[in-house]
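Given these sequences and hints, build the entire structure.
Chains as they are written, first to last, in our numbering: chain A, 1 to 662; chain B, 663 to 1324.
Because the hints were derived from the structure by calculation, they are not lab data.
Keep in mind that this is a model prediction, so the values were computed, not measured.
Each hint should be verified, as a subset may be incorrect.
[Said to hold, decoys possible] Not everything, but these chain A residues come out facing chain B in the computed CB check (under 10 Å):
#1 Asn84
#2 Ala135
#3 Gln345
#4 Pro350
#5 Glu383
#6 Arg431
[Unchecked claim] Simulated crosslink set (BS3-like; lysine-lysine; CA at most 27 Å straight-line):
#7 Lys781(B) / Lys111(A)
#8 Lys1014(B) / Lys119(A)
#9 Lys353(A) / Lys781(B)
#10 Lys119(A) / Lys148(A)
#11 Lys352(A) / Lys827(B)
#12 Lys120(A) / Lys1014(B)
#13 Lys119(A) / Lys1089(B)
#14 Lys1037(B) / Lys1089(B)
#15 Lys161(A) / Lys1014(B)
#16 Lys161(A) / Lys1015(B)
#17 Lys111(A) / Lys1014(B)
#18 Lys813(B) / Lys757(B)
#19 Lys1014(B) / Lys165(A)
#20 Lys757(B) / Lys1037(B)
#21 Lys427(A) / Lys823(B)
#22 Lys827(B) / Lys813(B)
#23 Lys353(A) / Lys827(B)
#24 Lys823(B) / Lys353(A)
#25 Lys288(A) / Lys306(A)
#26 Lys1015(B) / Lys111(A)
#27 Lys353(A) / Lys773(B)
#28 Lys1015(B) / Lys165(A)
#29 Lys823(B) / Lys352(A)
#30 Lys288(A) / Lys534(A)
#31 Lys782(B) / Lys352(A)
#32 Lys1037(B) / Lys352(A)
#33 Lys782(B) / Lys353(A)
#34 Lys75(A) / Lys95(A)
#35 Lys773(B) / Lys850(B)
#36 Lys1015(B) / Lys119(A)
#37 Lys781(B) / Lys427(A)
#38 Lys1205(B) / Lys887(B)
#39 Lys1089(B) / Lys188(A)
#40 Lys120(A) / Lys1015(B)
From the three backbone atoms N, C-alpha and C, an ideal C-beta is built for every residue, glycine too.
Listed below, chain by chain, are the residues.
There are 2 protein chains.
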Amino acid sequence: MTGPTSKKTPSSLPVEDRKRVVIERVQPEIDSGRFPIKRVVGEQVLVEADVYADGHGALTAVLLFGEGENPSRWKSCEMTPLPNDRWQGSFTVSKPGYHAYTIEAWVNPFKSWRRDLDKKLQAGQDISVDLLVGAELVEHAASGAAEKDRKQIEEFAHFLKSRNKLEVRASLALDPDLAELIYRYPNKRFATRYDRQLLVWADRERARFTAWYEMFPRSCGENGKHGTFRDCERRIPDIAEMGFDVLYLPPIHPIGLTNRKGRNNAPMVQNGDCGSPWAIGSEAGGHKSIHPELGTLEDFQRLCGKASEHGLEIALDIAFQCSSDHPYAREHPEWFRRLPDGTIQFAENPPKKYEDIYPFEFESEEWPSLWRELKSVFDYWIEQGVRIFRVDNPHTKPFAFWEWTISEIRKAHPDVIFLSEAFTRPKVMNRLAKIGFTQSYTYFAWRNTKAELTEYFTELTQTEAKEYFRPNAWPNTPDILTEFLQTGGRPAFILRLILAATLSSNYGIYGPPFELCVSQPREVGSEEYLDSEKYEIRQWDLKHPNSLREIITLLNRIRRENPALQSNDGLRFHPVDNDQVICYSKSSPDRSNLIVVAANLNPHHAHSGWIHLPLAELGIPPDQSFQAHDLLSDARYIWHGPDNYVQLNPHVIPAHVFRIRR
Amino acid sequence: MTGPTSKKTPSSLPVEDRKRVVIERVQPEIDSGRFPIKRVVGEQVLVEADVYADGHGALTAVLLFGEGENPSRWKSCEMTPLPNDRWQGSFTVSKPGYHAYTIEAWVNPFKSWRRDLDKKLQAGQDISVDLLVGAELVEHAASGAAEKDRKQIEEFAHFLKSRNKLEVRASLALDPDLAELIYRYPNKRFATRYDRQLLVWADRERARFTAWYEMFPRSCGENGKHGTFRDCERRIPDIAEMGFDVLYLPPIHPIGLTNRKGRNNAPMVQNGDCGSPWAIGSEAGGHKSIHPELGTLEDFQRLCGKASEHGLEIALDIAFQCSSDHPYAREHPEWFRRLPDGTIQFAENPPKKYEDIYPFEFESEEWPSLWRELKSVFDYWIEQGVRIFRVDNPHTKPFAFWEWTISEIRKAHPDVIFLSEAFTRPKVMNRLAKIGFTQSYTYFAWRNTKAELTEYFTELTQTEAKEYFRPNAWPNTPDILTEFLQTGGRPAFILRLILAATLSSNYGIYGPPFELCVSQPREVGSEEYLDSEKYEIRQWDLKHPNSLREIITLLNRIRRENPALQSNDGLRFHPVDNDQVICYSKSSPDRSNLIVVAANLNPHHAHSGWIHLPLAELGIPPDQSFQAHDLLSDARYIWHGPDNYVQLNPHVIPAHVFRIRR
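Here it is, written out as structure tokens:
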């Protein structure tokens, strides 16, 4: 607390105490400005704040914004008052990277003066002195005005003081154009600047809207042979035709031999077992090398090129852990934890043991060299052209490491996308998103009931989380074959696909087994696949008539054609009088595109219900009919009013995806 | 963002990056710690925070607290984990003034080790190496241990490494007393300290629990004569008997003559009109002087003494504005605003004019001398023994001025209580409470319906506001005779009294007119009293049979006898199946005292309804009968179950105030 002291002269006192405007409760603002919010290029940032002062003076508030963490030049936009001392303004992020914003506000005596003059005129009070007061304010503006405006402002002041009739002078005093001119030269001596400079991180568009397809390259061969990058190339047109835009490959590095796991995670390897790609490192190299059986770096680059031709981007899996055969284990034992018996600590989560993997010891005294080396793994693959990384288990490495790594990488490459593969406690998942991960895996796979889905996606899209956490919804992964998919048959797969693709603008599938509705777990109660591709080569019959290829293709086309499905801000849930039926809508940011989804959550039985749409909120005139065009069946319904009936047989198709035509 | 750079050696890197624990969302915390929370001496501060780290390591979190803004010595209490990474701890504020608190947390390897050892034992795994790992951790604790513990800890480590049977060693490893011993010497090298030091301001108890009585001293005379402090003395026993503990006097300073207002706020004064006490200052002096007709400083001190004998404290009204006759206007024209015509600007809120008052010009260049002089007004009356001030219109003076003034005064006098008389926009009222005002006037007078009362008091008592805003509820003031009181007759007065006295632990009445149910406004649509005491002497017949003296006395006794009514934290509203009947309960902090109020909000007609009490939440065994003792009528009811019937005739009494006896 500063303040006047008897020894100071007025002129040496801090100006801080003379600032009368308070600016607080700025939104969006994450953890008092500790973290940036996220946008993609071209999106708007809508900023609100409480702005007020003592007394009755009129205020002016402006939103300041600029490029970079510390803009050298600020642009400004005047904010609009809302009820209850809340103010609002907005700006658009124009390019990738950081943008900064803050707020400035001041008591505006000329604005107060005009307001009060108007009231006094209406009450028929004498305003002769008021006009002189106004002239003083105008003269002050003149003293700070640009050359081109000064003359006009001086004439204005002169006229206010003139001997013209009071009414004539008053009417000029209230002229809105002249007011605008005066507002251009405010007295900001005691203006309050919000004490935090807030940041936006702007990504390229793919941060917000992607469809991922995961596959194991080694399974792309034929006749049981180990697949290669060349084999993968043959699959590219097919995956692109289905409408995916990211092709994600599990780790492509050499696989360790020591303690290699056998099929179905057997502790003992059989001859010829190929091991888990996540047990990284062998004599052939580590995180910057390619498993020899997949091909060469040149082959990998060819694959990337081919993918790119088809609009697909390759995402690599970065898993920071080592087989004991990894060169790091030999060259940098200081990066691992040595036990009292002289061995290196393998990974464990008692009572579970992962004998084929050494975790890095981030508490090592040699942590700076460890951090630099791990960051250089990203650098290496970025050099090869990769711009999307799916990061394995980031929650078991320090937050500070990720924050440093991601921010360092982005200095040169703001276009890199990081997907956080953390399935852990909610606050840890949120923190990873705050410190820089572009997208995040979610609990979607385990949210099955209407209440669960509604609560979870409301939290993700309508709380502060929406500012930094971009969900990427996966119905399955190589580690996750949910009970729902195990028991619900083909309708369950279709349902979870539709939910993932329409609830979340980013979604993905672990492709081949999903397309083929593979549902057999290793054992009852397990979410592991039987004969999991994690431990063996599986060659899939993707032409099988049971394939979901057609509906997948259709859904991806619907997503591309409907901007409403390309972001999550416009998601709203709507009541249905049947707990087995869920209904939600998505609007595009400009509200021109509106999708309504109604889905039967029960994969076994038909269900029907009345869905209730808040027409006014959705921009549908309540007294007019509107068309609900089911983009899955191509049927068109004419609806009238908020309540409409749906009936869904999961054995035909478990959902409607309506485009509403107003 | 810090982090390793290639030029730094590991040892010179900031330790910051090695801290793995995150501490965030600390509550209570007002505006990122910018303002203190409030408590009274003896109250608890319950602190919660999100505390978590990467990985699976067990954590320890402690709440640190101490006296003063920057404690020289911290005490600590270990926090308890709640679900979802939330932790909780508490401490008690022991004396008036500032107290600080913050949180420290660290990854606790010994705790993790014990947890994992237990799991491994249960899974029947080999633990021989684990015991050696544990011994290392114990040895580390020994190295930091106090002399008295070191030997025992070293023996523990030695035993873990010994050749004794694994089971014997393991069972000692899991011994809880030994664990406590090790926890006493944690490795806090990478401990995270929350980056803010948060403050509590602790007041004396009267900050939380007061009953105020407002009266005009000049009306205490007899036979139409101007009352004096001596006359006031005669009223003291009566006011004390009614159970009040604060006697609040409108300004006692000399009243200006120039532009003095006449009766009923007439612009022209009649001979003998005594003017408004808020038009402060005349030739007889200003804010540090006493209106000559009231008596001398000695008389004032006698009055204070007499009040004190009866357990009453005098509260003075500090209104920072001047009559044009105030010595300041002559001696310090620089503290006022001079208009272009050479006159001083009087107060106005266009089109309203207050010609008898000059506001201070806080934008004066001479603000430091103005601030110091105004603060010295408080200092002067504090020297005379006054410790409670009701501050007039604080919202028309800068926030920074109040924050400085109050904090400066409190350095020497932490027992001073400031009541903020601001009836303005909600955020401004909240800000005044945050910057230091002890209690605040509220919108209570205008909250009449069940929905209004429920919403408003829920906001005041169950949101963050409860940490800094202490409501003081007034059914009337000399400026506020509500429409409800104007039209509701005696039942309306009784109802509003009961609501004020039971909803808010601080409440007050503008005494004589309230006791006598005076309800005549100056004109229809106005909240001003007819023949308001603000402008004339009114001598009241307080012995009139219509007086509310008896019920006032009873209510104040009930408040004193029931701790539940002495704070607001325990306020909860309960459903009633009639919109005209409101029901709420208050529990004492230790939950031993429980009051349930049921009131008919309609002053004209009888109403009845079923009230529903959440028995479990209120600590009432759901399967047992309990007694509801109406402290107003002394009737006792035996109730059973959550739903009970009440019938309330406002012409008898509009409310029950039940003490529940479990």
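Structure-based check of each hint:
At about 7 Å, the closest approach between the beta carbon of Asn84(A) and any beta carbon in chain B falls short of 10 Å, and the interface hint on this residue holds. For the restraint placing Ala135(A) at the interface with chain B, the shortest Cβ-Cβ distance is roughly 8 Å, inside the 10 Å limit, so the hint holds. With 10 Å as the threshold, the beta carbon of Gln345(A) comes within range of chain B, its nearest partner Cβ sitting at about 9 Å, so the hint holds. Given hint, Pro350(A) at the interface with chain B, holds; its Cβ is 4 Å from that chain's nearest Cβ, closer than 10 Å.
Proximity of Glu383(A) to chain B is violated relative to the hint, the smallest CB-CB distance being about 18 Å (cut-off 10 Å). With a cut of 10 Å, the hint placing Arg431(A) at the interface with chain B holds, because the nearest CB-to-CB distance is about 6 Å. This hinted pair does not check out: Lys781(B) and Lys111(A) have alpha carbons roughly 71 Å apart, beyond 27 Å. Our distance criterion of 27 Å between C-alpha atoms is met by Lys1014(B) and Lys119(A), whose separation comes to about 10 Å.
Between Lys353(A) and Lys781(B) the CA atoms are separated by roughly 12 Å; this keeps the pair inside 27 Å, and the hint holds. Straight-line distance between C-alpha atoms of Lys119(A) and Lys148(A) comes to about 32 Å, which puts the hinted pair past the 27 Å bound. About 24 Å separates the Cα atoms of Lys352(A) and Lys827(B), which keeps this hinted pair within 27 Å; it holds. Using a Cα cut-off of 27 Å, the hinted pair Lys120(A) and Lys1014(B) holds, with the two alpha carbons roughly 9 Å apart.
A threshold of 27 Å between alpha carbons decides the hint, and for Lys119(A) with Lys1089(B) the separation of about 25 Å falls inside it, so the pair holds. Proposed proximity of Lys1037(B) and Lys1089(B) is supported: the alpha carbons are some 25 Å apart, at most 27 Å. The hinted pair formed by Lys161(A) and Lys1014(B) meets the criterion: a straight-line CA distance of about 25 Å does not exceed 27 Å. About 24 Å separates the Cα atoms of Lys161(A) and Lys1015(B), which keeps this hinted pair within 27 Å; it holds.
Restraint check: the Cα-Cα separation between Lys111(A) and Lys1014(B) comes to about 19 Å, which is no more than 27 Å; the hinted pair holds. A hinted pair counts as satisfied when its Cα atoms are at most 27 Å apart, and Lys813(B) with Lys757(B) does not qualify at roughly 40 Å. For the hint pairing Lys1014(B) with Lys165(A), the CA-to-CA distance comes to about 24 Å; that is within 27 Å, so the pair holds. Taking the CA atoms of Lys757(B) and Lys1037(B), the gap is near 25 Å; set against the 27 Å cutoff, the hint holds.
In summary, the hint linking Lys427(A) to Lys823(B) is not supported, as the alpha carbons are separated by about 38 Å, beyond the 27 Å threshold. Annotation: proposed proximity of Lys827(B) to Lys813(B) holds, straight-line Cα distance about 22 Å (limit 27 Å). Note on Lys353(A) and Lys827(B): the hinted pairing holds, with a Cα-Cα distance of about 24 Å set against a maximum of 27 Å. Proximity of Lys823(B) to Lys353(A) is assessed by CA-CA distance (about 24 Å); at most 27 Å being required, the pair is judged to hold.
The straight-line distance between the Cα atoms of Lys288(A) and Lys306(A) is roughly 21 Å, inside the 27 Å bound, and the hint therefore holds. At most 27 Å may separate the alpha-carbon atoms for a hinted pair to count; Lys1015(B) and Lys111(A) meet this at roughly 20 Å. At most 27 Å may separate the alpha-carbon atoms for a hinted pair to count; Lys353(A) and Lys773(B) meet this at roughly 20 Å. Restraint check for Lys1015(B) and Lys165(A): the C-alpha separation of about 24 Å stays at or below 27 Å, so the hint holds.
At most 27 Å may separate the alpha-carbon atoms for a hinted pair to count; Lys823(B) and Lys352(A) meet this at roughly 25 Å. A hinted pair counts as satisfied when its Cα atoms are at most 27 Å apart, and Lys288(A) with Lys534(A) qualifies at roughly 21 Å. Proximity of Lys782(B) to Lys352(A) is assessed by CA-CA distance (about 9 Å); at most 27 Å being required, the pair is judged to hold. At most 27 Å may separate the alpha-carbon atoms for a hinted pair to count; Lys1037(B) and Lys352(A) exceed this at roughly 69 Å.
Straight-line distance between C-alpha atoms of Lys782(B) and Lys353(A) comes to about 10 Å, which keeps the hinted pair within the 27 Å bound. Restraint check: the Cα-Cα separation between Lys75(A) and Lys95(A) comes to about 15 Å, which is no more than 27 Å; the hinted pair holds. Straight-line distance between C-alpha atoms of Lys773(B) and Lys850(B) comes to about 14 Å, which keeps the hinted pair within the 27 Å bound. Our distance criterion of 27 Å between C-alpha atoms is met by Lys1015(B) and Lys119(A), whose separation comes to about 12 Å.
Between Lys781(B) and Lys427(A), the direct Cα distance comes to roughly 25 Å. Compliance with the 27 Å bound is thereby established for this hinted pair. The hinted pair formed by Lys1205(B) and Lys887(B) meets the criterion: a straight-line CA distance of about 19 Å does not exceed 27 Å. For the proposed pair Lys1089(B) and Lys188(A), the alpha carbon gap of about 23 Å is at most 27 Å, so the pair holds. For a cut-off of 27 Å, the pair hint linking Lys120(A) to Lys1015(B) stands: about 10 Å separates their Cα positions.
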